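Each residue of the sequence shown is one higher than the one before, counting from -5 in my numbering.
Hint data in this document are derived by calculation from the structure and do not stem from the laboratory.
Given the structure is predicted, the values throughout are model-derived calculations rather than measurements.
Every clue listed holds true.
Here are the simulated BS3-like cross-link-like pairs (lysine-lysine), alpha carbons at most 25 Å apart as the crow flies:
#1 Lys83 x Lys45
#2 Lys51 x Lys(-1)
#3 Lys51 x Lys2
#4 Lys51 x Lys18
#5 Lys(-1) x Lys50
#6 Lys50 x Lys14
#7 Lys59 x Lys45
#8 Lys83 x Lys18
#9 Lys(-1) x Lys59
#10 Lys14 x Lys83
#11 Lys14 x Lys51
#12 Lys(-1) x Lys14
#13 Lys64 x Lys50
#14 Lys45 x Lys14
#15 Lys50 x Lys2
#16 Lys83 x Lys2
#17 Lys64 x Lys2
#18 Lys14 x Lys2
#19 Lys64 x Lys(-1)
#20 Lys50 x Lys18
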Amino acid sequence: MDDLKRAKITRRAQRAQATKTWNKAETLMNDEINETNIQRLQVVLQTFDTKIEQLKKLDENISCKIETEKELESEIVEADDYLSELMDK
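Kindly generate the complete structure, drawing on both the sequences and the hints.
And the structure:
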């Protein structure tokens, strides 16, 4: 398996985890407000921030491996769209 394919597979898995983490945060935000849930939410949001940083690094890594201009442009748009959609939830 080449490096680009491996990086895209890794990013796909990280995207799934970031989405799950955000969904967990949304659930906690809609649950009863108490000290335990607030602490859980803080941990989940820290995890989410870490996932976003990992995704940005993976996107950059993938962009560096792409050789054609058209594929690079498409990759950048896809990466930005995913992060924008996730952050707009």
